[in-house]
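Enquirer: These protein sequence lines map, in sequence, to chains F and D.
The numbering used here numbers the first residue of the first sequence as 1 and each following residue consecutively.
The numbering used here numbers the first residue of the second sequence as 1001 and each following residue consecutively.
Hints may contain errors.
Within a straight-line C-alpha distance of at most 27 Å, the following computed DSSO-like cross-link-like pairs (lysine-lysine) qualify [claimed, not checked]:
1. F:K87 - D:K1137
2. F:K108 - F:K87
3. D:K1129 - F:K87
4. F:K13 - F:K87
5. F:K108 - F:K13
6. F:K87 - D:K1139
7. F:K108 - F:K88
8. F:K88 - D:K1129
Quick caveat, the hints were computed from the structure, so don't treat them as lab data.
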Amino acid sequence: MNTRELDIRVSRKGDLTIVAPRGEIDAASLEAFRRTVEPLCSQPVPRLIIDCRNVRFINSTAFGLLFHFHSQCVGRGGFFALQNVSKKIASIINILGLQNVLLVNPDKDGINAAVQ
Amino acid sequence: MEVPATVRLSVPGDPRSLALVRSIVTSLAEDAGLAETEIGKIEIAVDEACTNVLEHAYRGLSPAPPIDLVLHVTEDTFSVEIIDHGRSFDFEGYRLPTFPDHWHDGNTRGVGLYLIRNCMDSVTYRRGKDANRMLLKKKLTANPSAPPGGKELPA
């Protein structure tokens, strides 16, 4: 059976936590993604960037989870953004009406504004 | 690729099969000359349809039956039929969520069929005694810049 593991790297840059998944976030890998990211959203003031440059696919449940994480982070006075999102994934974000809810591919000014 | 082309496959009823299904679907869609965003829409529509089979039609079944797929490419249409051997569902009764209210109301699930309908040009569902069939079609001549939603869906 063709299974593709989801590899998730977590690093810190100043007060930002960068989560960099590599692979596909689907029904088989969703729990691994949730287990890694959820505790990071429970920090006192979570400031998370999900670096999607190596993410080839995200399913609908994972998009729902991203919104949930976004709400958690913002609710704690923090920040949550998706960086390096491909055109293909961005088009699904638009269909789901998340383009004005999630912070997607912000530039430095966008990140600074959100952090403040 | 010579058209018409047909690919038939049967995969185990297991989430770990989804990557293989997506891989075959995207490969065939690339061969058909579809744009990247259109390939992405077909890929997620097929994935959501198969995920719904696993989470709903096959819920509680052990071992879960396989999922059968028939991919068919003609000069003007890319179609994928997803055939399951589990419980059927009320396709016509499904109420489409509205966004972004759906998210703000605290829901994180329940958008698979919405995505399927909005990513494909036509979606039909047929219940059967031994199998249920969801047929997804994408016109190869469809304008990729057309906005999603608002399409007339055949019954």
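Enquirer: Against each hint, give a clear statement of whether it holds in the structure.
Expert: Tested hints:
At roughly 22 Å between alpha-carbon atoms, F:K87 and D:K1137 fall within 27 Å of each other, so this suggested pair holds. Straight-line distance between C-alpha atoms of F:K108 and F:K87 comes to about 20 Å, which keeps the hinted pair within the 27 Å bound. In summary, the hint linking D:K1129 to F:K87 is not supported, as the alpha carbons are separated by about 41 Å, beyond the 27 Å threshold. Taken as a hint, the F:K13 and F:K87 pair is honoured in the structure, with Cα atoms around 26 Å apart against an allowance of 27 Å.
Straight-line distance between C-alpha atoms of F:K108 and F:K13 comes to about 14 Å, which keeps the hinted pair within the 27 Å bound. A C-alpha spacing of about 20 Å is found between F:K87 and D:K1139, which places the hinted pair at or below 27 Å, so the restraint holds. Of the supplied pair hints, the one linking F:K108 and F:K88 holds, its CA atoms being roughly 23 Å apart against a limit of 27 Å. Restraint check for F:K88 and D:K1129: not satisfied, since their Cα atoms lie roughly 37 Å apart, outside the 27 Å limit.
The structure shown violates the earlier hints numbered 3 and 8.
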